[in-house]
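Fit chain A to the supplied structure of chain U, relying on the hints for placement.
Note that the protein sequences, when read in sequence, are chains U and A. Each residue of the first sequence is one higher than the one before, counting from 1 in UniProt numbering. Each residue of the second sequence is one higher than the one before, counting from 1 in UniProt numbering.
It is possible that part of the hints are untrue.
Pairs count within a copy or across copies, as identical chains cannot be separated in the list.
Stated by the list, open to error - Result set (DSS-like, lysine-lysine): computed pairs, CA atoms no more than 25 Å apart in a straight line:
1) 131 - 55
2) 152 - 180
3) 106 - 152
4) 131 - 106
Keep in mind that the hints were calculated from the coordinates and are not lab data. Remember, predicted model here, so these are calculated numbers, not experimental data.
Protein chains: 2
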Amino acid sequence: MDLEEHVESTEELYNGVIIKVERQQVRLPNGDSASREIVRHAGAVGILALTADNKMILERQWRAPIAAATLEIPAGKLDQRDADNVEHAVIRELNEEIRYQPGQLKRITGFYSSVGFSDEYMTLFLATDLKPVTTELPRDQGENLELLTVTKEEAQAMIDSGEINDAKTITAIYYWLLQK
Amino acid sequence: MDLEEHVESTEELYNGVIIKVERQQVRLPNGDSASREIVRHAGAVGILALTADNKMILERQWRAPIAAATLEIPAGKLDQRDADNVEHAVIRELNEEIRYQPGQLKRITGFYSSVGFSDEYMTLFLATDLKPVTTELPRDQGENLELLTVTKEEAQAMIDSGEINDAKTITAIYYWLLQK
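Next up, chain U with everything else stripped away, as it sits in the complex (with noise of 0.2 Å):
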């Protein structure tokens, strides 16, 4: 089957600094016009980061989207310095939000995070033999993080509670889950 549909034109909408809004007007397969919405978005890192006694690093913060605060892994946006290191931005983001430097960083999977209206795509790692850092980054602007740690059977009664209902978070807990 031909699935492919071709840009009519694009309109961009808003130029944002987190994120690009565009309008498409593309031709279906069959001929057919119809009109798309797109959030475009530079990427991002989010990391399952291991203490030597197995818990897991999470950060409860406050989200504008649903004013409330949330409590996920430590993720981040790439931005330019990252374009040919991903692992950069890990490293970057780990030293920022919980001070800590990785031994030990592999990549999990990677993830359009809403591929129907976003380009936004993550990148997750798994960060473990965790060392303080020696230099403390900056933090972004108006970035308030509480830190907690929390084992295996807690973080899956956090799932089950409704208290994390972050999508890359429960990822990340569902991979932890199937290792052995």
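For chain A alone, kept in the frame of chain U given last:
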């Protein structure tokens, strides 16, 4: 730690079909001001639909944000008819997309897809005991789908190869792999 940000003003930037985009000025706990970009979305459902021989149903479809086809579990947006009943959306999407109705439906979990900039919340369901529908609902305009079924082992291999790179689909497969 006080994490709450107080909204001082909200500016609507775009009011579209699938998304609304706004920018908030917020006051941080320390008194500073910051700007937040927010993409509002009605919410969605995703469905791990398993056949009698324990294969999952996947859809190949074109995704404009990445100008490529993806492999995803059945999913769809909530609309006004679903306000009080998310399962209504599940049954509709399974009919529209794969032409089955579920004998058993179970909520797996729920999550914000990309809470850094969006309020999209997806509820993930497990659908089993599938029966062909008697009345086929019309598909959305421009919804061209190719259906396939894969085993657990095939699904795992498709994540490892990158052929499956959709967040909700990877989460659903990890959940499936966790079941005995």
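Comparing the hints with the structure gives:
1. 131 - 55: Close inside one copy (15 Å), not across copies (43 Å); limit 25 Å.
2. 152 - 180: Both. Shortest intra-copy (11 Å) and inter-copy (18 Å) distances satisfy the 25 Å Cα cut-off.
3. 106 - 152: both (19 Å within a copy, 23 Å between copies)
4. 131 - 106: Within. Shortest intra-copy distance 16 Å satisfies the 25 Å Cα cut-off; inter-copy 42 Å does not.
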